[in-house]
Each structure stands twice: as structure tokens, then as C-alpha cells.
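Asks: The primary structure of each chain is shown beneath.
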Amino acid sequence: MSDLETFRKETRAWLEENCPKEMRDGAGGEENICWGGKQWEFQSEAQKVWLERMAEKGWTVPAWPKEYGGGGLSKEEVKILKAEMRDMKARSPLESFGIWMLGPALLKYGSHEQKAHFLPPITRGEIRWCQGYSEPNAGSDLASLQCKCEDIKDEEGGDHWLVNGQKVWTSYADKSDWIFVLVRTDPKATKHNGISFILVDMNAPGVSTKPIKLISGKSPFCETFFDDVKVPKEHGDGVSAVVGEINRGWDVAKYLLTHEREMISAGGGGLLGGRGIGEVAASQVGLEDGKLADPMLRSKIAQAEIDGWAFLLTLERMKDEAKAGQGVGANSSMLKYYGTEFNKRRFELMMDAGGSEELEWEGERTKDGKLARGWLRTKANSIEGGTSEVQLNIIAKRILELPGA
Amino acid sequence: MPLVLNEEQEMLRESARGFLDEKAPVSALRKLRDENNPDGFDRDLWKEMAEMGWAGILVEEEHGGADFGFVGAGVLAEEMGRTLTASPFLSTSVLAATALKKIAGDAHKQEFLPKIAGGEALFALAVDETRKHGPAKTAMAAEKSGNAFKLSGDKTFVADGHVADKIIVAARSAGAPGEQDGLTLFLVDAQAKGVSVERTMMVDSRNAARIKFDGVEATGDDVLGEVDGGYIALEGVLNAGRAGLAAEMSGAAQAGFKMTMDYLKERKQFGSEIGSFQALQHRAAHLYSEIELMKSAILKSLQDLDEHYGMAGPICSLAKAKAGEVAKLASQEAVQMHGGIGMTDEYDIGFYMKRIRVAQEMFGDTAFHTDRLAQMRGY
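Protein chains in written order, with our numbering: chain A, 1 to 405; chain B, 406 to 784.
Excised from the complex, chain B in its bound form (with noise of 0.2 Å):
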């Protein structure tokens, strides 16, 4: 397949960029933070997406969705990272819509995707329990007792998981932690006696929840894919994930870089424009090269996705790792090429840098799946 967007897909980047340029720039996700916004996204907004099919992207037609595969939900993630754009899109269109589509059996389909579809449902995936990343590191504990069991611990970073109406957690139902035999993934309303949420603000003025289950009740019905088998299930939703975020995160680098670039054109000192200062130039230029590899990855890993989900890994590890260090050096240098004026508030380079930052951490970091390519290639 060509490593380039077809026809549809263009057209998709095309209304998806004037529908955000025009309904949530940057100055939306500014509101949001300096009113408070309780939900920390706009739900009429959201209302709207779904009714372009934005929320059901990777939803099949027969469930009410746009079935534009992970290269159409890649193109949306990627223009919502040029304008910050603040929705549920990535927890529940991207990594609740993966997973339901590829482990859920047919009860669960039917009943939760034309809801992600029509943006009736919120969704949150609930991994992480520590500082870093690392879905084998699971502790918490899905205590089996006959066909039901009793989830308790605490999961972090749980992106949107103050806002989902249903929450994806994984648990161990065996093992030690460390191992990937043992996990179980569970589809647990968080609505659910037990079930504690609290908001955590983040940097980036995005949505987290710190999330505590206190011996929550679930029966077999809620276990989505094989019962102590759900490490490499996860892992295919977490890679849409990784890949969904490394979009994101090149949205924003992209955006950050063409300011920074209208800047130095702008900008004079020395009697000229401080752009046609070498120092810089080389610099940029070393970026635009980076950037232009970031792309490159990213639309082979989403490529990848649609075409060997199974296998796509390592070209996913590959996209976030890259990603994450290439948009770290984009808001880098956007803030320091802007000078002063980069430092303060009021200019919007800084929430660039901020999310950027939260992307770059979430499903694992740059170190991690640098360490896990080496692993793949047995080194």
C-alpha cells in the first residue's frame, strides 16, 4: 500500500481541519481551563463530532459508525493535536471503539458500539497503577469467586475516566505482577458500588481521574476477551492508542513548528528578521527533517493497524517513541525561538508544550518503547 493518504481520506483531514480551525482553535481549550469547566471538554461539541461520524470512526457501518479504519481516526487525532483540541475522542472513539470491535463478544457490540457511535457513551481505559507505564507491571486484584469476581485497587492516568459512563480496567486474575499471564480486562460501569473517581487536573488542562475500586462486583458478563488472557488483547488496544497519541502529539508539533516558523519570519532584531539568522536556520530545518520521519512512521503504524492489527507492535513502539521525542524537540524549540514572549500565558506555544508533554507520557514513554523495539529485535 502507498505510504500516502488516499482520496477519502484527504477529504476527511480537509473538513475535519475547517470544522476545527473555525469551532475549537486553541482559544476553546483556554475557556475551558480559565472557566473550569467541570468536564474539561464541551459536550455540544462532542454532540457535533459524533454527528459527523467522528466519534464512530473506527465503528463498523452495521453498528452505525463511519468504518474509516485507524488511518481516518489517525487523521482526525492528528488535526485535534494542531488545534488542542479537547473531546473524548482518543478513550472512547479510539481505545474503547478497538476494544470492543476486537474482543467483545456480540452482547457488548450490539449494546455499546452505535452508543460510542452516536457519542451517547463515554468511555475510559484504566491501566496504569504506578508512575510509569507498563500494563505487565498490574496489580490489581480480580479475586475469583465461582463465575464472578471482586475487583480492588487503584489505577491513575486514566484518561476522560471522570467523565466515562463505562470503564475498561484490567485486573489480575492470576500471576504476580511482572508477568503477562494472569490479566483479565473488565467492563465496569463507573457508576458501580466501589467505584471512587476523582478528577486529577493535569498540565495540560485535559481530563484525568485517579480511579479506586474497592472490591467492585463483576460476573463473567463483564469480562471482555479470555479470562487470565487479557495481556495481548490489551496490548492491541493500548498500540491504537500509542499510535492514536504519536498522531496527536505530530498535530501539534506541526502546529507549533509553522508558528514558530511565521514567527522567525516576523520577528526582527539586529536590524533583521531572525529568521535569516543561520543559527536558527539550521535548527528549524534539522526539525522539519525530524518531523517529516515522525510522519512517516506514524501513517505506516496506522497503516499497520488496519491492515495486521495483530502484528503491529513494533511499528506502533515505533511511532510513539519517535513521536514523543520529536514533538519534545518541536515545543522545545518553539518556546525558546520565541523568546520571552513564549514563556507567558497569555501566547498559546505553552499549551502546546504542556500537551505534548502528557501524550509523550501516556502509554508508555520515548525509554519505554525504545527498550521494547530492542527487546522485539532480541537485543
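If we strip away everything but chain A, and leave its shape as in the complex, we get (with noise of 0.2 Å):
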């Protein structure tokens, strides 16, 4: 047996042992992820138990470095792990932007001591994590942001960072414990040579946040004010509060940003996974002579499930062809413009399938307009990480090389 079955075996074992009944239900929606944090509840024991027990194994996050909390398990691993939850329809134990922003950033551009300081906090779901990029000024053009941070020694001789400035769209802000903010501390470099990366504490005095509400009711955005933060340039021992060089931030955030649209591109096409569009539609619309009802309708759909399918085979090769440990590149515009313009096409055309029933906004029959606002929410999905329009200026210099305007 190869050394990858065994593991295959292994794994499966330990997971038939270790996963609880209750988190096999396959249910990913947003409302079942565990977020972890201070300030975070369990929805249920058998919860709380699968985040302790794969925290234990390295497995929140399985492909870091088992010395900072991770499994230390190569790429082919992974996917073995990812698979074989996928087969017990085992929910992720554990979601965080810890996971998924601040740690590829850490690891590539940290120093041993801000790992070692904040990377197993993150794999335990001790400590939740918020991104402060976007200003009231600052959305696409991102790099004029002007939140300021200065270089501060007060009377007893201390020394910190001084932050004054606003933040918009962070992300669950009043749940989150720390924050990784873009902050200007050069006002007189180029626009994107003065800015740095720095960690801050959420209950430092002066952070404070409002929730935004959006117009799918919900609000999992926050607006976020540093009013005289005061930010100590170590958070321990050699832990630097900065990531990375004081004034390349760009760097760290670029590569973030890179990150994000990998992501969020992924996601989008996860989404596919469950039941195909024609499917719920043909179970709402009703079929005659085997084919949906509506004729326009069934056409629409049939091209947009065209569309996800290559796309979906577009993320896996854009995955084989990009060499381990490399991102794909500018190419992540492309799987981030073409992913969440698909994301809203297909909400559209569940709308559609759905009808008038889909339109009741509060009640048991749609779980208050679940499917209603699921659509709203895909409208942000071409804004948030860089606007459609964004990642198709993106393509078009660094893929295309077509000259600037």
C-alpha cells in the first residue's frame, strides 16, 4: 500500500472515531460555521468537541506548519483530508479570516516570533480575526487610504504607534478580537510606498465599531473607528505589532488581496456542489415532457450551468497548473471576476425559478426570506476584494499587457 492510502485509511479511521454524529450533516451554510473567538458560543457540545479535537490534530489547518499549530501536511494529504470529510459530509470545524487571510500573510511576509505568537491562537479558534482594508475614501483605489499611524514616545518614554482613522466594510468587526489594519505611515512616499501592515487589538482603548445594515437585512459588515489607538510596537517578546517592512505594506496586502480572490472564486464555485440550478428549478416550475416548464427559462439556466462547469474545471486547472506553494497569480482576477459574476447569475436565475413564493421576506415558508437574501448578498460579491471592474483592469495590464491609459 502506498504511503498516501495509508494515510487515506488512517485518516478515515481517526475521523469515523473523532467526528461527532451531529456535524456530519453536510450543512455549510454561513449560519453553521463555527467562527471561534472570545466571544464566541457554541452552538452545541458535539461543536465544541469537533474544534477540539481537530485543533489537537493540526487539521483546522492542515497544510500550515505543525510548530505554529498547523498539521504540517503535504498538498496530496490535504486533499485526501478534504476529501474524505467531504465523503462523511463532516462540517469544517473551524472558519476564520485568521484561516484564511492573516495566516498565508504571516506566513509568507511574519517573522518566527509573530507566528509563534499568533498562529495557534488561530488554529484553536481562541482568537478571531477582522480586516481593516476599505476607507470611506479608499474602495477601488485602495492604495490612497488614509487612515494615519505615527510614530509616538510618550512622557514615560514608551514607545508606540498612534492610529487615527476610520475603516469601512470590516467584516464582523464587533465579533472579532484583533485586527489586521493598512495604515499610512508615510504621508509624504508615493501612495503605495507609505503604507503598513499592523495588528491591532480590538479592546485597546479608541477601537470602536458600528454595524452596517445592508439591504439584505443582515449586517456582517461594521464600520471601524481608531480614535488616538494607542498600538505598542511589540506585542510580546520580539513580536513586532508591524508585518513584514514598515512602509511595504502594499506588499502584504497585494499578496492578501490575491489571496482573497483565490477564495472567494473558490467559494463561489463550491456553491455548485449541492443541487445543480435546473434541478431545484425543475422541482419548483414542474417539468412537461421531461423538460422544465418554461422553455425560456430552462434555456437561461442550461447556459449559466454551462458556464459553472467550466468554470469549476477552470479553478482545478488553474490549481494543477500552478506549482506548490505558488499562487495562481493575476490569473486569481480572472477566477475572482468570472466567479462572483457567475454567483450572481445563478442567485438571478433562482429568483426566477423561485417566483413570487421566493419573495416572502419574513415567515417559516422561506425561513424569512432566506433565498431573498442570499441574492442580495451575491450583489456585494463583484465589489467586495476589488470590484468587478477592478480585476478586469487587473487582467488587462498584467495578463493582456495592453498599454495604460
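You may find that some hints are simply not true.
As the list claims (entries may be wrong) - With a Cα cut of at most 20 Å, we get these calculated EDC-like pairs of lysine to aspartate or glutamate:
no. : chain 1 : residue 1 : chain 2 : residue 2
1   : A       : K300      : B       : D776
2   : A       : K75       : A       : E321
3   : B       : K663      : A       : E362
4   : A       : K397      : B       : E678
5   : B       : K542      : A       : D289
6   : A       : K300      : B       : D770
7   : B       : K428      : B       : D447
8   : B       : K452      : B       : E466
9   : A       : K218      : A       : E401
10  : A       : K397      : B       : E671
11  : A       : K319      : B       : E415
12  : A       : K319      : B       : E412
13  : A       : K397      : B       : E412
Source of the hints: derived by calculation from the structure; they are not laboratory data.
Note that this is a predicted model, so its numbers are computed, not measured.
Take the two lone chains and join them into the complex the hints point to.
Replies: Okay, here's the thing in C-alpha cells:
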């Protein structure tokens, strides 16, 4: 038996033994995610046990190095673990911005001290992170951000950073313990060259948040205010508050944005995993002679399913093409653009198929307008993480090498 | 299997590209058209391709082939799509080779596969009878009398029909048009009594024919596969052809796209390169994305034909549907972004648009395959 086959067998056995029955319902919806963090209240004992067991094994982040709380698994082993979890419909034990974003940034740009200090609590779901990027006047033009960060020596001779400014679209800021923030450390430098990537405790005096109510009626995003926030230069012995070099934060930000795009697009594809749009529509609109009773809708759905399938294959191909460890480069913009536009199209079609019944905003029948709220949520897909138009600019510039305007 | 070409396939691509750029660029097709070449392709070039193993790309080594599988055939089709190379590759090396490999008896295999690999025999597949593709609609009669059949009916849009030595033809030995059951495939000599071939000059300057079968006699030995049960076998062969056409369209779309991007970087209006205008940049970037999706679907269809031949129907429909749509968009954008010069015969881009239009139509257009996928998915 090959090593990978042995690994598969052992993994399956371990999962069988350790994954609580309640966590095997394949529930992947946002409402069932375990986010962790100090404010987190487990939805069930099973959710808690599942997180603890997986964290112990390092499998909340199977690809991260063992010394920082990861599983130290190879790409192939991670694939096997994911496949086995999928097979038994196991829920993900933990999801967070720490896992998706800060972790990869620290692994690439962080010092050993930063990794050792910040990564393990992420893997155990103890600290929940949020991301402070956009500002009211820095959206698509993110590099024009103005949140001020000054190097201050106070009367007692203490050395710290002083942060003043506002961030917006901070996901779950009100539920997070720490935030990674892009700040301007050199106001005189050209816009990309005076930015730093800094880590701030949300409990520090002067940090406040205010939820933003969206068209879906939900508030996944906040405004975050920094009002004379003192950030120690070091969050512990040798643990600098700044990731990477001072004034070189844009490199970290760009890397993370690329990472975020890959993730958003992978999410868009993943949503296809369950029932197809056609299947759902057939159960709602009905069939005539084996075909969807609404021929115009049928044709639109079939076209969308073609694009969705081809998109999933493209995700697969890009992953296979990318050499181990490297991302997919500027193609992440293509995946982000196509994946999010496709997701919007998919929800439009599901709303079409759902008809008047899915328009009920409240009540048990629609679970308080679950589809309608999801449909409205997708409208942000092509805005957050860089708008579709920004992605198209990046493709034109970096991949097609078209001249600048 | 990773969704990428392996080293061997990459090498095949490189050598094919080098060869075609030198021997069969678009100017070669233009020349064939302008001199009204009676074959519509260059027989000497086809000999060279055969010597390099291209004609027998799907044929097993025991029959003298290169045995590179469908991915290898797709690589060649894509490269020929880039240069719009006219050759009997699709009809002989993909369609006929697949049919012989997958359904023929040993005698047929022994006789014809080495000839295909050697570039010594040309084949054509005759399926369509009406202006829109639909194998189940086949009406051409195969009247049984004892162990023999009499074939009568008209076929159209037969690629390479006018140069073929042998014709694989789908006829109805039972049932009624519209039914999948009752089809039989025959291998008929193009010179047989009662066969009359009319070359049809197509918009892409490539070959097709209308073929009349007037009481053509065939025996049980001429049957490929099962009597009355030819539909599934035919679908398999058509799937290979669809994936091959999709790969060819992909090559043509990518070449047209490259020409267009080069043009955007060089053409100046209003004092700047037109490629600096966001209106064009966004359309180019969108098209780039669509081309990447098309490439993924096609590679997967070719891999599946190699790995799970009998199950490759849906993925081949995906590839053909997506390629038809994306290559069409690529050719339209190419002409529009080139502006006036794109409308001139002197410029090559029009040749791409014409070839893509024909390849789009052959063996089912995007609408045909979209409908087919919806049916397969139960809605």
C-alpha cells in the first residue's frame, strides 16, 4: 500500500472515531459556521468537541507547519483529508479570517516570533480576526487610504504607534478580537510606498465599531473607528506589531488580496456542489415532457450550468497548473471576476425559478426570505475584494499587457 | 488526473506549432482557396503529417500509429486551428480512426488502421441529412434483404466527403426518424455503384460534400458494429469529433485573440494606442476569461475520452457548447476591434471568423449541446 493510501485509511478511521454524529450533516451554510474567538458561543457541545479534536490534530489548518499549530500535511494529504471529510459530510471545524487571510500573510511575511505568537490561537479558534482595508474614500482605489499611524514616544518614554482614522466594510468587526489594518505610516511617500500592515487589539482604548445594515437586512459588515489608539511596538517579546517592513505594507496587502480573490472564487464554485440550478428549478416550476415547463428559463439555466461547470474545471486546472506553494498569480483576478459574476447570475436564476413564493421576506415558509437575502448578498460579491471592473483592469494590465490609459 | 498536459503532450504541441508555422500558415489556406485547389488541401503536406505520426495519432502502435490518445489528437487539432490548416485530420484521423478502433471487427481494423496511420486512405463520416444536426433524425434507408442491405438517401455537410476513399454512413435499418433505435453504421466505398458526390464549397474554404446514395449495395461485412444498434456507437464517434472540433475552435479563437491584442497595442487613434481605452480593455479581459474556461472544458473532455470513453457524452457537449460560444465571441470581437481592416479579405482575421462559424455548426451547435446537457441533467 502506498503511503498516501495508508494515510487515507488512517485518516478515515480517525475521522470515523472523532467526528461527532451531529457534525456529519453536511451543513455548510453561513449560519452553521464555527467562527471561534473570545465572544464565540458554541451552538452545540458537538461543535465544541469537533473543534477541539481537530485543533489538537492540527487539522483546522492541515497545510500549516506543525510548529505553529498546523497539521504539516502535504498538498496530496490535504486533498485526501478534504475528500474524506466530504465523503462523511463532515462540517468544517473552524473558519475564520485568521485562517483564510492573516495566517497566509504571516506565513509569508511574518517573523518567527509573530508566527509563534499569533498563529496557534488562530488554529484553536481562540482568537477571531477581522480585516481593516477599505475606507470611506478608499474603495477600488485602496492604495489612497488615509488611516494615520504615527511613531510616538510618550512622556514615560514608552514607544508606540498612534492610530487615527476610519475603516469600513470590516467583516464581523463587532465579533472579532483583533484586526489587521492597512495604515499610512509615511504621508509624504507616493501612495503605494507609505503603507504599513499593522496588528491591533480590538479591545484597545479608542477602537469602536458600528454595524452597517445591508439591503439583505443583515449586518455582516461594520464601520471601525480608531481614535488615538495606542498600539505597542511589540505585542510581546520580539513580536513586532507591524508585519513585513514598515512602509512596505502594500506588498502584504497585494498578496492577501490575491489570496482573497482565489478564496472568493473558490467559494463561488463550491456553492455549485449541492443541487444544480436546473434540478432546483424543476422541483419548483415543474416538468413538461421531461423538460422544464418554462422553456425560456430552461435555456438560460442550461447556459448558466455550462458556464458554471467550465468555471469549476478552470479552478481545478489553475490549481493543477500552479506549482506547489505558488498562487495562481494574476489569474486570481480572472477567477474572482468570473466566479462572482457567475454567482450573481446563479442567484438571479434561482429567484426567477422561485417566483413569488421566494419573495416572502418573513415567515417560516421561506425561512425569513433565505433565498432572497442570499440573492441580495451576492450583489456584494463583485464589489468586495476588488470590484469586477478592477479585476478586469488587472487582467488587461498584467495578463494582456495592454498599455496604460 | 491533473488537468494539465503531460511532458510528452507538451512536446507534441511544441513540435506541431513549429511545423505548422513553417509549413501551413494561414497563407497556405489562402493559396488553396485562390488557386481553387480541387482537393481543398495539400496532399504532400498530409504525407508529411503522416510521417510525423499525426495521421495515426489515435491508432495503436501495433497498427503503425502513434497512439497518443485523444489529448494528443486535441493538441494537434488546436494547433491546426491556430493556423487554420486544411487537412483531412478530423474526418480521417479522429472520426474514422475512432470508429474503427471502437466498433469495427478485426478484419476492418487490420485493413484500414495501418492505412490511416500511413496517410494512404481518406475517410469521411456521413451523418446529417438536414440543415441542423441530429443523429436520431436519420431517415436514410438501409433496406434489409437477406444478409444484404440497400442504402438510399441523401447526406449533407460531409466533411472531406469529396476526397474520401471510404465513407462511414449512418442509415436507418429499423424504426422511424426521431428514434435512437434502428440505426446501423456502414463502411462504403466512395466508388461504389450508386454513390454520387457533390463537392460543396463552404464559407471557410474547406471541404464538405453532399452525397447521394441511390440503392447502394452493402453486405453484412460492411456493417460497423451492431445492426439496428448503431446509435450509441455513432454518439461515441461524434463525441470524439465534437471534442476535436472544440479544440480546433479553441486554437482558432486563441490565434484571433492574439492578433487582436497585438493590434490593440499598435493601432493609434486619438493620440494613443487603442488598447489603452478601458472600453476595449474590459471586453478583452472578459474574452480572455471566457477563453480560459473554454480551454478547461476542452482539456477535460479529451482526458475523459481517453479515460472514460463511454461516459464522455456530457463533457463533450460541454466542450462543444462552450467552444462554439466563446470562439464566436472571439471572432466577433476580433473583427470589431480591428475596425475597417478586419473587414478586408486581405487581412487574415476574416478566415478565422469563417472557419469558426463552420466548426460551430458541425456535429451540433451550442444550442444543440446546451439542450442535450439539460436533458441529461433531467430538466
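Asks: Compare the structure with each hint and give your call.
Replies: Here is what the structure says about each hint:
no., hint, verdict
1, K300(A) with D776(B), "11 Å, holds"
2, K75(A) with E321(A), "14 Å, holds"
3, K663(B) with E362(A), "52 Å, violated"
4, K397(A) with E678(B), "14 Å, holds"
5, K542(B) with D289(A), "19 Å, holds"
6, K300(A) with D770(B), "16 Å, holds"
7, K428(B) with D447(B), "10 Å, holds"
8, K452(B) with E466(B), "18 Å, holds"
9, K218(A) with E401(A), "40 Å, violated"
10, K397(A) with E671(B), "15 Å, holds"
11, K319(A) with E415(B), "18 Å, holds"
12, K319(A) with E412(B), "18 Å, holds"
13, K397(A) with E412(B), "30 Å, violated"
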